[in-house]
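A.B. asks: Be aware that the sequence shown starts at 416, since it is given in the numbering used here, and climbs by one per residue.
Relax, there's no trap hidden among the hints.
Simulated pairs of lysine-lysine, DSSO-like, Cα-Cα distance not exceeding 27 Å:
{"#": "1", "residue 1": "Lys418", "residue 2": "Lys533"}
{"#": "2", "residue 1": "Lys418", "residue 2": "Lys552"}
{"#": "3", "residue 1": "Lys533", "residue 2": "Lys422"}
{"#": "4", "residue 1": "Lys493", "residue 2": "Lys509"}
Listed next, with one range per pair, are the computed distances between beta-carbon atoms:
{"#": "5", "residue 1": "Gln471", "residue 2": "Ala440", "range": "38 to 48 Å"}
{"#": "6", "residue 1": "Thr534", "residue 2": "Ala440", "range": "16 to 26 Å"}
{"#": "7", "residue 1": "Ser551", "residue 2": "Asp530", "range": "28 to 38 Å"}
{"#": "8", "residue 1": "Asp530", "residue 2": "Arg433", "range": "26 to 36 Å"}
{"#": "9", "residue 1": "Ala517", "residue 2": "Arg433", "range": "52 to 62 Å"}
{"#": "10", "residue 1": "Glu555", "residue 2": "Ala513", "range": "54 to 64 Å"}
{"#": "11", "residue 1": "Gln523", "residue 2": "Gln436", "range": "41 to 51 Å"}
{"#": "12", "residue 1": "Glu442", "residue 2": "Lys509", "range": "56 to 66 Å"}
Calculated from the structure, these hints are not laboratory results. For every residue, glycine included, the Cβ atom is placed at its ideal position computed from N, Cα and C.
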Amino acid sequence: VSKVGAKVQGRVSEVRVRQGQRVRAGEVLLRLDEVEARAQLAATRARALAAVARVQTARANLAEAEAQASRARGLAEKDVGPAAQASDLEAHAKSLGALLKAAEAEAQAAQAEVDTQKTALNQLTVAAPIDGTVISKPPE
Numbered sequence: 416v417s418k419v420g421a422k423v424q425g426r427v428s429e430v431r432v433r434q435g436q437r438v439r440a441g442e443v444l445l446r447l448d449e450v451e452a453r454a455q456l457a458a459t460r461a462r463a464l465a466a467v468a469r470v471q472t473a474r475a476n477l478a479e480a481e482a483q484a485s486r487a488r489g490l491a492e493k494d495v496g497p498a499a500q501a502s503d504l505e506a507h508a509k510s511l512g513a514l515l516k517a518a519e520a521e522a523q524a525a526q527a528e529v530d531t532q533k534t535a536l537n538q539l540t541v542a543a544p545i546d547g548t549v550i551s552k553p554p555e
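Just need the whole structure built from these sequences, with the hints factored in.
C.D. replies: Right, here's the structure in full:
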């Protein structure tokens, strides 16, 4: 005998078994309403995609700033350009590197949130933990 229940509360949207029915381990017994969870997952995925786009933008900005700093440093070493400008551009590139790290951390956090939402969605499905017979009436 195994007591079965959902890990979360919700409205039952589908019952796949009836009292007295034989079931196999892993067989879906019932599903809770998924509409809200699917909407939350879609919103979370959109936030994750936006975070990835910010990472790509930060990488491009950093690459451009590093190229500018390198050119300015080369000109300064040949006494063709001001050393102060080269130093400023190098500092700007360093700042953009920090922004890139922050954007990457944000993207990782957003992906973790997507994974959490996927888990929450999976918890809306109740499956049989063992082979057996349904002995009490399933909810409607």
